[in-house]
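Construct the entire structure; sequences and hints are all you get.
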Amino acid sequence: MAGAGMRDVKRRIKSVESTMQITKAMQLVASSKLRRAKERVETARPYFNTLYETICAMAAGNTDKTNLYTRPREVRRKAYVVIAGDRGLAGGYNVNILRFAESQMDPETALVIPVGKRAVDYFSRRAYETRVFQEYAAVESIDLERSFELARLLTDLFRSGEADEVVLVYTEFASMLSQVPACRKILPLSFTAEELEGHSPADTFGAAEFDPSIGDVMARIVPQFVGGMIFGAISESFASEQAARRTAMEAASDNAEEMISSLSLAYNRARQGAITQEITEISSGFEALR
1 MAGAGMRDVK RRIKSVESTM QITKAMQLVA SSKLRRAKER VETARPYFNT
51 LYETICAMAA GNTDKTNLYT RPREVRRKAY VVIAGDRGLA GGYNVNILRF
101 AESQMDPETA LVIPVGKRAV DYFSRRAYET RVFQEYAAVE SIDLERSFEL
151 ARLLTDLFRS GEADEVVLVY TEFASMLSQV PACRKILPLS FTAEELEGHS
201 PADTFGAAEF DPSIGDVMAR IVPQFVGGMI FGAISESFAS EQAARRTAME
251 AASDNAEEMI SSLSLAYNRA RQGAITQEIT EISSGFEALR
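Using full-length UniProt numbering, the first residue of the sequence shown is number 1, and each one after it goes up by one.
If you are wondering where the hints come from, they were derived from the structure by calculation, not from laboratory data.
Even for Gly, the Cβ is constructed at its ideal location relative to N, Cα and C.
Accuracy of the hints is not assured; some may be wrong.
As the list claims (entries may be wrong) - Each computed BS3-like pair below joins lysine-lysine, with the alpha-carbon atoms no more than 27 Å apart:
#: 1; residue 1: K24; residue 2: K14
#: 2; residue 1: K78; residue 2: K14
#: 3; residue 1: K38; residue 2: K185
#: 4; residue 1: K117; residue 2: K185
Said to hold, decoys possible - Pair by pair, the computed Cβ-Cβ distance ranges are:
#: 5; residue 1: P72; residue 2: R99; range: 27 to 33 Å
#: 6; residue 1: E42; residue 2: F133; range: 23 to 29 Å
#: 7; residue 1: T109; residue 2: R71; range: 15 to 21 Å
#: 8; residue 1: R12; residue 2: I275; range: 18 to 24 Å
#: 9; residue 1: T19; residue 2: V217; range: 56 to 62 Å
Spelled out as structure tokens, the structure:
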């Protein structure tokens with residue numbers, strides 16, 4: 001390898017080292033954000049568990065078949081809340097959830113409410129009716145209060161008949177190495193027999209009475225329940241995004257280290273060869289002078 005080639009290798013080594021510094025920094029940032037996301041989920045979980053128990057008990061005791069939030073109706077239009085990430089460099093996270101979301105939809109009847117900058121960009125360029133609320137476009141900025149605000153918007157869509165079903169499409173955080181796309185209907189409320197078992201009003205509330213009725217109290221609590229579901233889905237998705245990014249950046253850093261090792265070996269071999277060649281030339285010149 002000539003001197004010019006060695007200089008090229010040296011430049012490549014420096015370039016890869018610079019890239020590795022960036023990937024390692026992004027890995028650390030993702031780890032920190034993931035830790036905070038998991039803490040947020042754990043902190044809010046007792047409240048949402050209680051809310052879930054309450055709504056199950058009310059659904060089990062509700063005898064009003066005309067209740068807006070529980071009665072079945074013809075589904076002509078579905079609203080999909082699709083939660084993706086705000087940035088790239090997260091492996092297949094964004095691609096996986098967006099493709100999964102499309103697989104669940106009929107473009108003729110779907111109303112898409114994207115959450116996350118990648119989801120906004122993706123559906124804005126496709127043949128779906130899309131309703132973008134800029135205050136919910138960035139996942140990282142959505143806290144519990146904003147989740148409740150979004151829930152009120154969704155329940156208004158449902159109550160007005162603009163949407164006959166509301167569906168959450170998000171990514172479940174299974175583990176650091178496993179994030180699974182998920183689809184869950186949140187309106188109208190529907191529970192399986194197993195979910196309602198042991199959740200009668202008497203079991204949950206004892207001798208409590210509802211005034212004016214369970215249905216009226218449900219009308220107050222359902223938006224909070226929907227807000228809790230949204231906040232949980234956003235938290236799971238955000239944790240999944242950070243886990244995917246951390247894994248991707250860790251793999252990129254490992255690949256960079258391997259490349260640096262390979263380039264350094266090639267550089268050292270070339271350098272050793274150049275030194276050997278110089279020694280040989282000096283020895284040959286010395287022999288010629290004798």
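Status of each hint after checking the structure:
1. Distance restraint check for K24 and K14: the Cα-Cα separation of roughly 15 Å lies within the 27 Å cut-off, and the hinted pair is therefore satisfied.
2. In summary, the hint linking K78 to K14 is not supported, as the alpha carbons are separated by about 53 Å, beyond the 27 Å threshold.
3. The suggested pairing of K38 with K185 holds, with an alpha-carbon distance near 24 Å, which does not exceed 27 Å.
4. For the hint linking K117 to K185, the alpha-carbon distance of about 23 Å falls within 27 Å, and the restraint holds.
5. Between P72 and R99 the beta carbon distance is about 30 Å. The supplied range of 27 to 33 Å therefore holds.
6. Between E42 and F133, the C-beta spacing of about 28 Å keeps the proposed range 23 to 29 Å intact.
7. Take T109 and R71: their Cβ atoms lie about 20 Å apart, and the range 15 to 21 Å holds.
8. Distance hint for R12 and I275: a CB-CB separation of about 21 Å, consistent with the stated range 18 to 24 Å.
9. Evaluation of the 56 to 62 Å hint for T19 and V217 yields a pass: the beta carbon distance comes to about 57 Å.
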